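All residue numbers for the sequence shown refer to our numbering, where the first residue is 6 and numbers rise by one.
No wet-lab data here; the hints were simulated from the structure. All values reported here derive from a predicted model rather than from experimental measurement. Be aware that one or more of the hints could be misleading.
Using 27 Å as the maximum straight-line C-alpha spacing, the simulated BS3-like pairs for lysine-lysine come out as follows [to be verified]: (1) LYS35 to LYS72; (2) LYS48 to LYS35; (3) LYS48 to LYS16; (4) LYS35 to LYS16.
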Amino acid sequence: MITHVVLVQPKAETSNEQLQTLFEQITALKQLIPGIQDVQVGKNLGQHTQGYSYGMVMHLESMEHLKGYLAHPAHLTVARELMQSCQNLIEFDLAQ
Numbered sequence: 006m007i008t009h010v011v012l013v014q015p016k017a018e019t020s021n022e023q024l025q026t027l028f029e030q031i032t033a034l035k036q037l038i039p040g041i042q043d044v045q046v047g048k049n050l051g052q053h054t055q056g057y058s059y060g061m062v063m064h065l066e067s068m069e070h071l072k073g074y075l076a077h078p079a080h081l082t083v084a085r086e087l088m089q090s091c092q093n094l095i096e097f098d099l100a101q
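Using the sequences and the accompanying hints, generate a full structural model.
Here you go:
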């Protein structure tokens, strides 16, 4: 299994509603892209956020499924919108 983590530092002008819409689209990818087992998206509850106020954790069946997810047109569309809404973004992938 692969755990795909994304930390998001939204732009100041990005509204909570815009972020919520993007996160709903990300969550919906589970129904569209093979190999996604689980998706969690939410606000950072920590004290030392360094501006990364939201995050996403996705569990995928294998590295091949992660590669397929990253190349999938539905992911690319949402990722492009997310990048336009963010000041910074960090991705981190773990094999389990």
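Hint check:
Restraint check for LYS35 and LYS72: the C-alpha separation of about 15 Å stays at or below 27 Å, so the hint holds. Distance hint between LYS48 and LYS35 is fulfilled; the C-alpha atoms sit about 20 Å from each other, no more than 27 Å. For a cut-off of 27 Å, the pair hint linking LYS48 to LYS16 stands: about 15 Å separates their Cα positions. Taking the CA atoms of LYS35 and LYS16, the gap is about 26 Å. The hint holds against a cut of 27 Å.
This entry satisfies every hint, going by the numbered hints stated previously.
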